[in-house]
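Chemist: Using the hints, position chain B against chain A.
One line per chain: the protein sequences are A and B, in this order. Residue numbers for the first sequence follow our numbering, so the first one is 80 and each next one is one higher. Residue numbers for the second sequence follow our numbering, so the first one is 715 and each next one is one higher.
Simulated from the structure, these hints should not be mistaken for lab results. Being a predicted model, the structure only gives us computed values, none of them experimental. Worth double-checking, as some hints may not be accurate.
Claimed, not checked - What follows is a set of in silico ranges between Cβ atoms, one per label pair, in the way DEER data are often shown: (1) B/Gly827 with A/Asp304: 36 to 44 Å; (2) A/Gln179 with B/Arg761: 26 to 34 Å; (3) B/Ser764 with A/Glu81: 27 to 35 Å; (4) B/Asn808 with A/Thr84: 38 to 46 Å; (5) A/Glu81 with B/Glu779: 19 to 27 Å; (6) B/Glu779 with A/Gly255: 43 to 51 Å.
Unchecked claim - Below, computed lysine to aspartate or glutamate pairings styled on DMTMM-like, alpha-carbon distance capped at 20 Å: (7) A/Lys218 with B/Asp765; (8) A/Lys288 with A/Asp304; (9) A/Lys302 with B/Glu724; (10) A/Lys97 with B/Glu724; (11) B/Lys780 with A/Glu94; (12) B/Lys736 with A/Glu94.
Even for Gly, the Cβ is constructed at its ideal location relative to N, Cα and C.
Okay, here's what each chain looks like letter by letter:
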Amino acid sequence: MEYFTYIDSPFNIREDIKIAHRNYWKALAAPGSWWTGEQRISIAQEVRNATACGFCEERKKALSPYAVTGEHEHSTAELLSTEAIDAIHRVVTDQDRITQAYIDSNEQHGLSPEAYVELVGVVVTVFSIDEFHRGLGLKAELLPEPTEGVCSKYRPKQAARGIGFVPMIPADGATGAEADLWPAGISANVLRALSLVPNAFREWYQVSKAQYLSLEGMGNFVKQDDRAINRMQMELVAGRVSAINECFY
Amino acid sequence: MLRVSATTTETNIDLQMINGDKTAAAEQTGVEYGLELMKFAESLATRNNSDLARDRQTLLDVAGEKVLVDAAGVAANFQRMVRIADSTGIPVDNMNAKVSQLVREELDLNRFGSAQNTLSAAKVPVPEV
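In isolation and in its complexed conformation, chain B is listed as follows:
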């Protein structure tokens, strides 16, 4: 979705921000408040409350409360979505779509254990971990 959104808006981005790369998330790479949003998402998902307090304040300081509230909504939403997907074992919808293949390769998503739900359904060899 990030790749599609960047393409739609003709923005150059470095997807490694999804993997926590601070340089990739820095604002000059195309996503406004990218670094602060990335760190806020990270501290929420890792459930590190002291980091979360710091990163919440930083995001608030640079971007304001409306951005903070919307970011908290999205982060909370995806804390739910990953659990729906993993607890029901659903595979990725269209494994053969070129854009999603490229993103999976670029971010090395096959390393995740839950990849087996898709790779085994698609009869793709599961990498040994």
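Just chain A, with the same shape it has in the complex:
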């Protein structure tokens, strides 16, 4: 089945966006580093459940996320732990109240930092593709069928604790098998954030290049030729979305 054809879209969708979304769906269906293809698709399904979860809505209104108790509206308990389901819902609906203590507690209950990072990668990439559709009034794409296979359990040796809640590859650590992650000497914390699972970074970045800009394109503060909006217009949209999400970064 071919995904993201956009044949029902009233708007012409740029070809690079279609390709990026299709490629991501292929990667989503395949086994990752710490989750099987079936689990990755369950994570994607749970992203969609989170957007309509009554418990998430109630928790978001509470002064503290721990002030309310209840159960998420979920459908993936056969494949995902309670901690994984909660983490998915948190990242979608209450991300600005995630703390080191929350991640440490999840680790004590079996959700390792590596698995958490891959989970975040799937959540945010699926969510952004779904948000693109919602923004244009289009239906969310059908989730793909999982591909059989085992997880690689790959962890880059140079990843270490330092900034943030999880280990990351240092800015000068894009070497060896990770040499493609970012150009030597050019990194940013947001690029490093999911680098504990290098493919999680690679996957979201390919989508980001189409939806926004490549790292190289970010150096152009005027207008990229293949975009209909200039950089100021892009940054207005980016800034307003970030402000509503109360993102300091």
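Modeler: Using the frame of chain A, we list chain B on its own:
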């Protein structure tokens, strides 16, 4: 980035459009379709689907489908980026850069809870909220 882009193109802008100020976003302030783009971004991020339908149509009417599609891409992208930053607790890269200091002050960004990820890492006193 908006400040840098405006400086590069020698455009006078009012950054309060980031905080939702309609006057600041109006086109005469320097960003073409500024108000319509701001409102589209706002209704998408607040997940208010009836506002989103209205603001999508308005943006489409004034700016056309290419602008709408690109704006949806950028908005969707930043729905992702904020979640990457907050779910991993990363601090701002260079807290001491003058331009970003000024922007943070102008937009009062220290009020956000996620500011603690940067302020505590930089050993800057966290404001009481």
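Chemist: Next, verify each hint and record whether it holds.
Modeler: Results of checking the hints against the structure:
no. : hint                               : in the structure
1   : B/Gly827 with A/Asp304: 36 to 44 Å : 39 Å, holds
2   : A/Gln179 with B/Arg761: 26 to 34 Å : 27 Å, holds
3   : B/Ser764 with A/Glu81: 27 to 35 Å  : 32 Å, holds
4   : B/Asn808 with A/Thr84: 38 to 46 Å  : 43 Å, holds
5   : A/Glu81 with B/Glu779: 19 to 27 Å  : 22 Å, holds
6   : B/Glu779 with A/Gly255: 43 to 51 Å : 44 Å, holds
7   : A/Lys218 with B/Asp765             : 17 Å, holds
8   : A/Lys288 with A/Asp304             : 14 Å, holds
9   : A/Lys302 with B/Glu724             : 14 Å, holds
10  : A/Lys97 with B/Glu724              : 34 Å, violated
11  : B/Lys780 with A/Glu94              : 12 Å, holds
12  : B/Lys736 with A/Glu94              : 33 Å, violated
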